[in-house]
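Chemist: Make the full structure from the sequences, and use the hints.
In the order they appear, the protein sequences are chains R and L.
Here the first sequence is numbered in this note's numbering, starting from 76 and rising by one per residue.
Here the second sequence is numbered in this note's numbering, starting from 22 and rising by one per residue.
Just so you know, these hints were derived from the structure itself, not from any lab.
Since the structure is predicted, the reported quantities are computational estimates derived from the model, not experimental observations.
Be aware that one or more of the hints could be misleading.
Claimed, not checked - A short, non-exhaustive set of chain R residues, derived as facing chain L with CB atoms under 10 Å: (1) S116; (2) L121; (3) S125; (4) V158; (5) F159; (6) Q162; (7) N167; (8) G240.
Cβ atoms here follow ideal geometry from the backbone N, Cα and C, with glycine treated the same way.
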Amino acid sequence: MRRAALVALAFVLLLPAASRAQVSVRGFGDFGFTVFNATQSFKAILGKSSGPVFGGGVEFGEKQFFLSLAAQRFRRDGHRVFVFEDQVFPLNVKDTITVTPIDLTFGYRLRSRGLVPYVGGGLTWYRYVETSEHATESEDLKETHAGYHLIGGAEVPLRRWLAAGVDAQWSAAPNAFGDSPTGVATVYDEHDLGGFTLRARIIVGR
Amino acid sequence: MFRSKTAGVLTIVALALGVVAAQDAAPGFRTFISDLTPPGIDTGLRDKDAPRPPRPYPTDVSSRDGLPYLRGSIAVKFRPGTAPAAQRIMIDRVGAFAMDAPSYADFNIVTIDPDADPEAAAATLAEQPDVEYAQARYRMHPMFKPNDPLYTEQWNFPAIDMERAWDLNPGATPSIVVAVIDSGVAYRNLVLRRNIPSWRGSAGGAFFTFPALGVVDIPFAAAPDLGPPDRFVSPRDFIWNDTEPVDMDGHGTHVTGTIGQLTNNSVGVAGMAFNVRIMPVKVIDSLWDDILGSPFQGTDDVVARGVRYAVDSGAKVLNMSIGRSGPPSPLLQEALTYATQHGAFVSIAAGNDFEQGNPTEWPAAYANSIQGVVAVGAIGRDRLRAYYSTTGSYLELAAPGGNQRSGGSAGGIFQQTYDLNFVETYALGPTRYTAPRFDVFAYLPFQGTSMAAPHVSGLAALLMQQGITSPAAVEAAMEKFATDLGPAGRDDQYGFGLINPRASLRGLGLAQ
Chain R
76 MRRAALVALA FVLLLPAASR AQVSVRGFGD FGFTVFNATQ SFKAILGKSS
126 GPVFGGGVEF GEKQFFLSLA AQRFRRDGHR VFVFEDQVFP LNVKDTITVT
176 PIDLTFGYRL RSRGLVPYVG GGLTWYRYVE TSEHATESED LKETHAGYHL
226 IGGAEVPLRR WLAAGVDAQW SAAPNAFGDS PTGVATVYDE HDLGGFTLRA
276 RIIVGR
Chain L
22 MFRSKTAGVL TIVALALGVV AAQDAAPGFR TFISDLTPPG IDTGLRDKDA
72 PRPPRPYPTD VSSRDGLPYL RGSIAVKFRP GTAPAAQRIM IDRVGAFAMD
122 APSYADFNIV TIDPDADPEA AAATLAEQPD VEYAQARYRM HPMFKPNDPL
172 YTEQWNFPAI DMERAWDLNP GATPSIVVAV IDSGVAYRNL VLRRNIPSWR
222 GSAGGAFFTF PALGVVDIPF AAAPDLGPPD RFVSPRDFIW NDTEPVDMDG
272 HGTHVTGTIG QLTNNSVGVA GMAFNVRIMP VKVIDSLWDD ILGSPFQGTD
322 DVVARGVRYA VDSGAKVLNM SIGRSGPPSP LLQEALTYAT QHGAFVSIAA
372 GNDFEQGNPT EWPAAYANSI QGVVAVGAIG RDRLRAYYST TGSYLELAAP
422 GGNQRSGGSA GGIFQQTYDL NFVETYALGP TRYTAPRFDV FAYLPFQGTS
472 MAAPHVSGLA ALLMQQGITS PAAVEAAMEK FATDLGPAGR DDQYGFGLIN
522 PRASLRGLGL AQ
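Modeler: Here is the structure:
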């Protein structure tokens with residue numbers, strides 16, 4: 076993870092020098108919908124394996140290449156469960172899952188005017204927090220996991236300083252969970268915290 | 022003259038008793054003359070009593086002849102579709118006189134020659150092609166050891182982290198019904214008018230003849246720390262064949278206390294699932310039941326009927342702190358299967374005979390072949406297997422049952438039950454022998470796997486309330502979250518380990 080951070084930092088420092096072009100800085104806010112890879116585990120606890128995400132970030136770039144740093148947040152309440160022979164028994168103990176992925180994305184714009192498609196990929200750090208009623212401090216979980224992602228989308232200018240876009244992102248965080256004897260992810264042998272996200276984005280800046 | 026006058030008075034008294042005895046209902050039926058009696062008397066903690074002598078074993082009460090089964094009858098189940106004529110031909114081969122179909126049973130009771138060997142007759146009948154099974158009517162007994170009543174504290178609940186478990190589920194709710202398949206429960210106030218005949222019993226190698234007490238009014242009261250009458254549902258007595266399963270022993274009342282003693286009421290002690298409703302189902306005869314002439318005894322078939330009755334009457338958890346050694350019992354196996362198939366979880370005491378050769382105990386030994394039925398061993402305050410607790414491949418869980426050998430009186434399980442000074446009135450010998458009272462209560466320490474099983478029943482009630490509605494899943498949850506004791510993994514001393522109510526109730530999170 077430290078190595079990945081160093082690579083990203085070098086990229087940020089080198090990008091302006093490499094391009095020698097006007098480096099623009101833009102901010103964006105987004106909202107979307109994520110389907111988690113650990114489908115059965117999320118469905119068991121939350122009743123569904125997907126949910127809305129909200130976030131925002133900042134983007135540095137020139138005509139073709141860009142680097143963005145974005146954060147999103149997923150939070151949902153469910154119940155702790157017991158699983159027996161594929162039957163899920165929700166227990167009357169509230170369980171809250173909060174997932175905050177932080178994406179560092181290196182991207183490439185396929186066009187520079189009008190409808191601008193882009194593709195990219197990068198690193199993701201997942202902040203995972205799981206708390207439940209009547210839990211002790213050691214029973215709640217607050218962890219960070221490293222992963223990666225691929226992204227593709229398109230944006231269209233609305234005004235001089237305003238643009239809108241949509242994108243799709245696939246991400247993975249292997250071995251994020253699935254080892255705890257008190258985790259339903261272990262029962263389902265699911266270990267990946269990543270997922271597939273569809274997003275709409277409002278971009279401010281040139 | 023004086024002598025003749027005395028003889029005359031005695032004759033009159035005898036005649037009077039004879040008249041009263043004649044008024045007494047036929048043997049096996051009893052008359053409760055009132056349910057308007059004072060509330061039970063609570064004598065509190067009994068920490069100064071001297072150790073009690075063993076209970077006498079009656080040698081001349083007709084129903085107790087020292088054999089592990091009843092003479093004069095066997096239980097049989099024919100294959101579906103077997104014609105009555107064919108059934109008649111088959112039972113004729115064992116010299117049967119009659120055949121009855123009892124309620125809450127899918128088997129028949131066949132009456133045979135009282136001098137015939139029931140085991141041999143059952144074996145002969147079992148060989149017939151249309152017979153699914155046949156067995157002697159083996160007697161069950163409560164699974165507890167005598168103890169020294171010196172109260173200190175209820176160590177058993179902290180030992181399984183119940184205080185924090187109650188944070189997650191404070192004692193379940195009345196929607197959960199737990200059946201106590203036992204010697205009855207002190208659940209209501211009654212007065213029984215009954216003739217107490219003379220009887221002879223042995224205790225500690227000595228024989229005593231206890232005099233007839235004539236017709237007496239025997240008071241019963243509800244245990245003050247078990248709750249109001251509306252807490253008890255569908256009571257049934259299979260020993261007296263009526264609907265008043267009052268306890269004449271104290272065992273069932275103590276077991277019920279561990280399951281659901283009123284808690285957080287500033288009185289007495291606590292129970293596991295203190296909001297559940299209790300279904301008293303009496304299937305075990307006590308010494309007083311026998312002395313008073315109960316028509317049935319706690320045999321396999323009676324217990325099996327009690328199990329089916331409890332399930333049909335809506336119980337979701339069945340506690341069976343009873344058992345016996347000897348041969349298996351197919352009819353009990355079927356009754357247990359029936360229970361789980363109809364959504365009821367069953368907790369069974371594993372047995373107390375480790376030092377008596379550690380025999381296989383029934384129905385506990387069926388536990389590992391039926392999901393939703395659990396055999397429970399006992400640990401002491403030191404979290405080690407209690408010296409008496411039976412071991413075996415069928416043992417699945419351990420719970421506090423007490424060990425007074427290593428822990429003294431404080432090592433027992435304290436719950437409210439009868440003050441045994443008023444029940445074991447024969448303990449001081451024939452000269453000070455009086456009629457029993459079942460309306461005086463105390464907090465007494467018992468030990469045995471009988472005391473361990475209701476911890477598991479209480480936890481099952483909490484888990485069902487929590488949302489695990491399948492008996493098999495309840496068992497799986499208990500086993501998954503049990504605290505491993507002894508050798509790593511499941512073993513024959515502790516099964517999967519000591520129950521961990523909090524962890525079981527908490528279940529699984531997504532990642533942790």
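Chemist: Using the nearest Cβ pair, does G240 of chain R come within less than 10 Å of chain L?
Modeler: violated, 31 Å
Chemist: Once the shortest beta carbon distance from L121 of chain R to chain L is found, is it less than 10 Å?
Modeler: Constraint on L121 of chain R satisfied, holds at 8 Å.
Chemist: Would the stated hint for Q162 of chain R survive a check requiring a Cβ distance to chain L of less than 10 Å?
Modeler: holds, 7 Å
Chemist: Grab the minimum C-beta distance from S125 of chain R to chain L and call the hint holds if it beats 10 Å, violated otherwise.
Modeler: violated, 14 Å
Chemist: Is the hint on V158 of chain R kept, meaning its closest Cβ partner in chain L is under 10 Å away?
Modeler: holds, 7 Å
Chemist: Given a cut of 10 Å on the nearest C-beta pair, is the interface hint for F159 of chain R held or broken against chain L?
Modeler: holds, 4 Å
Chemist: Holds or violated: is there a CB of chain L closer than 10 Å to the CB of N167 of chain R?
Modeler: This interface hint holds because 6 Å falls under the 10 Å limit.
Chemist: For the hint on S116 of chain R, just tell me whether its beta-carbon gets within less than 10 Å of chain L.
Modeler: holds, 5 Å
Hint check: violations occur at hints 3 and 8; the rest are consistent with the structure.
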